[in-house]
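Going down the list, the protein sequences come from chains A and B.
Adding 7 to a residue's 1-based position in the first sequence gives its number in our numbering.
Adding 87 to a residue's 1-based position in the second sequence gives its number in our numbering.
Since the hints were derived computationally from the structure, they do not count as laboratory data.
Check each hint, because a few of them may be wrong.
To be verified - Quick list of the computed label-pair ranges, beta carbon to beta carbon: (1) A301/A <-> E122/B: 25 to 35 angstroms; (2) S137/A <-> D357/B: 43 to 53 angstroms; (3) E122/B <-> Y70/A: 35 to 45 angstroms; (4) M270/B <-> D379/A: 20 to 30 angstroms.
Glycine residues also receive a C-beta, built at the ideal position from the N, C-alpha and C atoms.
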Amino acid sequence: MKKLLYVAVGLLSMASLASCVSKNNDETFTPTLDKEMRCDIKVVGDYSNFEALEAEFDLFNEYYPNVRLTYQKVDNYNNSLGTVLESNDKPNIFCSSPSMMGNEKYSNIISHMEDLSDPALKFNFDCLRSGLINKDGSGKVYMVPIFSRTYGMLVNNDLFKKENINVPEKWSDLLSACTSFASKSYNPIMGYTKDKKPSSGLMNVIAYPQFVAELAKNPDALAKANNLDPSAGEYMRNSLTLVKNLVDGGAINVSKCDEIGDNYEKVLLRFFEGDVPMMVCNGDTVSGAKKREAKSEAYQANPFNYSFYPIPVTDKGGYFIDSPSLEFSVNKDCENLDMTNEFMRFLLRTKELQNMASLKGLIPSTKSTSFDAVYAPFGKVPSDRTISPEVIGVKDQLATQIRLAAYKVGKGELSIDEAVKQYGSLE
Amino acid sequence: MKKRIWVVIVNILIMLAVLSFVVVYSNLEAKKSTETQIAHFENMTITMEHVTENYLEGEQRVCDVWAHYINSEELTIEEAIDFIRISHVLPTASAHIVYLDTLTGLSTRSKTSDFSVSYKAYDFLNDLSWIHEIGTSINICRSYTNPINGEQSIAFCNYVTLHESGEAKQAILLRVLPISELMEKWVFPQEEFEHAELSIIDADGDYIIKGYSFKNTSFFEFYRSYNQIDASKANEFFKNITSSSGSFKMLNSSKTECIVAHTPFGEAGDWTLLSLMPTKYLNASTQNWLLIGIVSSCLLTLFLFDLIVMIYFNKQLRITAKEAESASKAKTDFLSTMSHDIRTPMNAIIGLTTISEKNIDDKKIVSENLRKISLASNHLLTLINDILDISKVESGKLNLVPQTFSIVETVENLMNLSQPMIKEKNIDFSFHINRMEKEYLHADQLRLNQIYINLLSNAIKYTEPGGKVSVDMKEEESNKEGYVKLTYIVSDTGIGMSPEFMAHLYQSFSRQTDSRVNSIQGTGLGLAITKQMVDLMQGTIECQSEQGKGTTFTVVLDIPVAEHQRAEMKLDELEVLIVDDDEILLETAKDTLESLGLVVAQAGSGLEALGMIKHREETGKNYDIVILDLKMPDMDGVETIRRIREEISTNVPILLISAYSWSDVEEQAKEAGVNGFLSKPLFRSTLYDKISEVLGKETESTELENDYSDLEGLNILVAEDNEINWEIISTLLSMYGITTERAENGRITVEKIKEAKDGQYTLVFMDIQMPEMNGLDATRAIRKLDNKWAANVPIIAMTADAFAENVAECLNAGMNGHIAKPIDIKLVMKEIRRIKEKSK
């Protein structure tokens, strides 16, 4: 039964990916409103800058030249968004995440969200991978995925070549490669370890895919894990063992990793120093890589080829965790709601979403997906190793527990057994 | 074609050169204008910096006052907040006070009853080095989300010391203003800069306050995202932006070129005010583009106009060239093929000369042939004149020279000229006349001849051997008084003409071509000249033709009747038998003979005539005269005569008539017993004269114009350097009893006149081209002589210079007339008479 479910989930995910090949020109945008209309559309989010979206503003202006679209970063986003939505300067569109759904803390925000599945709005989600679309119990869609993120490691391909080591495709290869690099005084695997909060932290990125994969095989276990049932902690053991082994085996030097100041720019700049064979992070971090190339003097002096690989945590390889990175919701109480929906209709098309993903350096949320060079290794992950946490029903609190457990085990604050026992109560 | 392409290329190059100049000039002007505007824009940015700084300083001062008060009064946080609430003026402004250690505190405003505020998650309060002592600077943070109301705001800050339970605690006072407050003041006063937007950045390029068109969180990042910049130069470039005033250009997110003016901002100078505006709003180049557009349009219009004119002229030139080529070809053909119009009379002259040579002892034949040669020569001369004067024909300047002439002679001439060809091609030829009562007419005989001969010779020429050609000539009453309407119809069974050819039938040098007549030569001038002649004579010419069947030309002319006509021709009431198989001829001849007073009997064949004569013989009432056609079926004219003479013992005079030359049958006819010959057509006068001759009756000559006896005894001085010409003129004049003296050149002529007694010479015939002194100079010299008679002696040019301009030249030199060589003695005599009569 578990095996059947696992296969079904994998097939469903890959079907949504594979079927994306043919429906590229699915939508041509036809303006439905007065093209001379003058109004303001404001999008708010957590990104400091959002050039990919601003590029779409310019494209939208070709149809509606008098619509003034702005993107505004909101400080302390998750905490401020509710206030911002209630302010005198209400945004039309705001960034959201699946974790908001069902969370009482965000109920105020959810109440501002427009039901995008309303047939009257004529939104077409056909171009989106169904595994990324989050629906509530009544089938309403309050947010649409814009980008997808996954977990993996940035690999310095040139360094592997230089040291005559093959990029690992399975767990044993990974250990072997780490040993080889360690013997040559490299820190084989690095990542952000300073803070336990970010999901892109080193330990979580290694542990989370394996944990989710195990739960995907066992709906009962998944239900328990979602309910923070301590007995579900046992399903973390294999994931935590991976972390433990890598730390204990010398593949991860935690103290060296602690020197990395933040989980984004500093991670990338450290990677661009050129002496890190594998930098563990998530897709959000990878999205900033291109820009940071210019900021890294070391990289400018000695540029190298790099790719983002799934971490090969099993002897069959790694997992592709296909999870929304960014979602958009429409503020149903905003001014110019018609034009706001018009912009969303414009945006929710394969062409525009892929354009944005390309500029942002993330995986698009569209069915038709062509991985760029950096993400190319994820294109080779077989369907049975592709998992959409939102599809199988992974909840935020589950993700928090594995993140904290992996962090504490990796840092040596807890043993694997202790962490397993404390599942559901880790803080 | 190549030349045309070159002309087009050169035109285009000139257009491009002019346009390039205009564009370069316009660009220079636009550049100057833009530079001026950019400088203006920079100045305005500096002005906006002052405005902004004043505004921010004002707001900062409020914050400073509050901070001073809070510090001086040792207030708790609640007291401080209450104080500020009371002090608030702006409804949109608020104040937050947060403790330095917790970054939490209170707000003056809240939508709920909870006034607590937290800045823990705000990075700009992590490092407070930008907040200086109260009153020393503008302590303003970057724009951020107001945690109380969610609006994008800026905050003016100061350190304050609060007192809680007697303990002093450091806190930060934030005077919070929504960004919109500042944005409202950031409006350029000039309309030309309405599209400009402002931002304030810090030394790292991060926006403190961000305008709409500014992207990213850092201006430097914004620049890098859409503009290429060398990494090694980037730092220097960005440092320059934040440390000095000036401007630069960049592309914005929509790849539009923008001008960005920058000026340091604030007392510390670590901020920079940026103003950004798309360059298109700065460039005052609209007029330049208008200029370029107008110049381009004008050049293009000029070019197209030239092109159209050129194409038009080229087309005209091509047409002209084609016409010239066609004319040239036609004239070349004309020269190479020779004129059939010339060959026709030449044929007559040569043929008749040969006949005369063979019959040199027969004075009558020789005399007759010489007469015909004379007629043909005259025609030939006319033709030569025509060819020489073809330009006159084509320009319609041909003038008619009317004179009294005999239509009988004209027709006779026509017959003589055409006989050789008729005989040669064995053409079945007939010539009918009808009621030709007026023999002497007054018109240009030569031109009339030309018309008739052209049409007849064409008919013969374009009719195959054995074919039929007929001529009908009739005289009718004209609508004009003193005129007769002469209709001349020539029909043939020749090749006919196509409708296409008939469309340009009367054009010069055009001939119908046909494989059956491809050997026919001609100038192609015949019909053109004919048409011109007919038009000149105010007549009509019509043509009906069907290819392969034949052609009929009809010429109708109203011709004045000459004053002098023959005296009434009446013969005794004699009985005449006329014999011909041609019923029309029989009918017309009967009319003519009856008009002469004769009683006419008709017979349609030789046998019938023989029977009729026999019958008369038997009854004792012989015909007084028998007129027989030469060519008749069954029994021809000669055979009929022979049988009449053999079978009937009668001496009735018999005349033989024929439309053909009877020279070949003359001997046989005489042997058979003919008494005389008559040529068709049978004119009244011809019949009268011949019948009278046969019957031995005297006839009255009416040719008054041939009587020049009144001119006998005149003495004429002939200036002629050519011996033969002198001999001809002197001999011809001597025939009329006129004596002549010769002067070999102009000088001698002048001397002879000078030395002559008054009236010694009636006139002078003056050649023009002579040695020592030409005829024109000699005339001028004579006209200047003192002797009145000598100075006014009549002088007639006698020269081969026959063009109209030559005639005018002679008259201008003082001459009294002009005679062209070769001379027509009749014309010479007429001219002498004219001079003589004038001198009376």
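Tell me, which hint numbers fail for this structure? 4
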